[in-house]
Amino acid sequence: MNAQDAEAALAQELRRIAPDVDPAEIDRDADLREQFDIDSMDFLNLVTALNKRFGIPIPDADYRRLASYAGAVAYLVEKVK
Amino acid sequence: MGEFRMPSLGADMEAGKLVEWLVKPGAPVKRGDIVAVVETQKGAIEIEVFEEGVFERPLVDVGATVPVGTPLAIISGKEEVAAAAPPPAAEAKPAPEPVAAPPPPPPAAPPPPALPSVTAGERQRVSPAARQLAQEAGVDLAGIQGTGPSGEVTLADVEGRAGKAPAAPAAPAAEGAMTGMRAAIAAAMARSKREIPHYYLAHTVDLTAAEAFVARHNEGREPAERLLLGALLAKAVSLAARKYPEFNGHFENGVFTPGPSVHAGVAINIRGTGLVAPAIHDSDRLTLDALMAAMRDLVVRVRAGRFRASELSDPTITVSSLGERGVETLYGVIYPPQVAIVGFGMPVERPWAVDGMIGPRRVVSMTLAGDHRVSDGHRGALFLSAIENLLATPEAL
Chain A
34 MNAQDAEAAL AQELRRIAPD VDPAEIDRDA DLREQFDIDS MDFLNLVTAL NKRFGIPIPD
94 ADYRRLASYA GAVAYLVEKV K
Chain B
-2 MGEFRMPSLG ADMEAGKLVE WLVKPGAPVK RGDIVAVVET QKGAIEIEVF EEGVFERPLV
58 DVGATVPVGT PLAIISGKEE VAAAAPPPAA EAKPAPEPVA APPPPPPAAP PPPALPSVTA
118 GERQRVSPAA RQLAQEAGVD LAGIQGTGPS GEVTLADVEG RAGKAPAAPA APAAEGAMTG
178 MRAAIAAAMA RSKREIPHYY LAHTVDLTAA EAFVARHNEG REPAERLLLG ALLAKAVSLA
238 ARKYPEFNGH FENGVFTPGP SVHAGVAINI RGTGLVAPAI HDSDRLTLDA LMAAMRDLVV
298 RVRAGRFRAS ELSDPTITVS SLGERGVETL YGVIYPPQVA IVGFGMPVER PWAVDGMIGP
358 RRVVSMTLAG DHRVSDGHRG ALFLSAIENL LATPEAL
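Residue numbers (this note's numbering), protein chains in the order written: chain A, 34 to 114; chain B, -2 to 394.
Looking at chain A on its own, in the form it has when it is part of the complex (with noise of 0.2 Å):
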């Protein structure tokens, strides 16, 4: 997948679990979960929403590699094919 689409459909994701969050103010190396605030339990229905949307798998063991915005979009792109 390439970053364009990893980007975009991220975005969508990230604004369906906390709509009051806005994309264009996304610092993307900054920690997601301090940057908005967002709990644990967004933070998993993010990692369910793109598991369901990709099929790719998210152990709790990657979830590092979500933490930042740049980070969860080059796991996206390495991870779905």
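Derived from the structure by calculation, the hints contain no laboratory data. Since we're looking at a predicted model, the values are computed, not measured. The beta-carbon is built from N, C-alpha and C at its ideal position, and this holds for glycine as well. Take the hints with a grain of salt, since some may be wrong.
Just the calculated beta-carbon pair ranges, DEER-fashion [to be verified]:
hint, chain 1, residue 1, chain 2, residue 2, range
1, B, L272, A, P56, 21 to 31 Å
2, A, N84, B, R213, 11 to 21 Å
3, B, E346, A, R86, 32 to 42 Å
4, B, L379, A, Y96, 35 to 45 Å
5, A, V113, B, E192, 49 to 59 Å
6, B, L198, A, Q37, 49 to 59 Å
7, B, T326, A, E67, 16 to 26 Å
8, B, E192, A, Y96, 36 to 46 Å
9, B, T326, A, V113, 37 to 47 Å
10, B, Y196, A, G88, 45 to 55 Å
Following the hints, complete the assembly by docking chain B onto the known chain A.
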């Protein structure tokens, strides 16, 4: 024939604004159906009906703000439907006394795990932040086409409109004045601190067993089936509350009434707005998986700005958990008419002595704020110990 009334959605609520009818006159309704949306300081609340029959006719126009207890509509019983004659239209009744919280809701259906999706023809969804700004700026939400991914009206949508709004008609609040949800929280918490003689207990709990249980459970499971520690905390508090009924129920008019069931209110932070603690119905009887699904569903709906009337009025005890970020200890303030709140801080790793050996352990600070009109510290300590024991044997949760 029954009257469907403006429900009380918390000790602090005096009136609500009818925003929308979701059923048409003549439509059959059954217990648990959502028939109306009411705007309160806590946001838009879906109101359920508690009897079976036919939605005869509305008594209040959309847009009207009426006191708690005001009849909103006539619901005919099944047998009366055929015979029902139209009653006189305008009976000028004095404003009725506020009614007690609505009767218990029907057994909760398993909540849909799906994320919210709004298709054409469904009603408008508005994020809490957007709703607050709209209220402050005097923007009419009805005229806004939401651009959120589920079609909800977002903060940006309202900002765009607020900027263009012709000379904001709303009387500007005084500098620093509280509005919306903050005012609702202030009213409830001021009443709590005024009326409830709080006492506080704190204890540190070893999370090793509980966290290992969560890790084992999640191993190899799809994200949709994974657990969070928060579900175990809520379940443990709920089970302990069943055993110690003086922490589970409502204190009203000088009398404590233990809850017939345990409906744990779980505190959910709404970014930039405040917090709500809606009920997970029968939280002591749900399996961990079902409780987790219910909590997820609740968080998603709170984010989308929609929860149900019974979820606000029914909590019998509150659980407030800081989760993975924050500080070690949280001291709660009891939400009236409840009589207890259990707080969990952020889990931390600390040196811990077990069997004469010191080693690193993950622990969490657990607190209780209890109501001295109903219980005392001795029973509170037993209650917290029961929660600790449950968390040490998570297989039994």
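Checked hints:
1. For L272(B) and P56(A), the hinted distance range of 21 to 31 Å is satisfied, since their beta carbons lie about 24 Å from each other.
2. As the Cβ distance of N84(A) to R213(B) is approximately 20 Å, the hint placing it in 11 to 21 Å holds.
3. Separated by about 34 Å at the C-beta atoms, E346(B) and R86(A) satisfy the suggested range of 32 to 42 Å.
4. For L379(B) and Y96(A), the hinted distance range of 35 to 45 Å is satisfied, since their beta carbons lie about 37 Å from each other.
5. At roughly 56 Å, the beta carbons of V113(A) and E192(B) sit within the given window of 49 to 59 Å.
6. Checked against the given bound of 49 to 59 Å, the beta carbons of L198(B) and Q37(A), roughly 54 Å apart, stay inside it.
7. For the hinted restraint 16 to 26 Å between T326(B) and E67(A), the CB-CB distance of approximately 21 Å keeps it satisfied.
8. Separated by about 43 Å at the C-beta atoms, E192(B) and Y96(A) satisfy the suggested range of 36 to 46 Å.
9. At about 42 Å, the CB distance of T326(B) to V113(A) agrees with the hint of 37 to 47 Å.
10. At about 52 Å, the beta-carbon gap between Y196(B) and G88(A) stays in the expected band of 45 to 55 Å.
In summary, the structure agrees with every hint in the numbered list given earlier.
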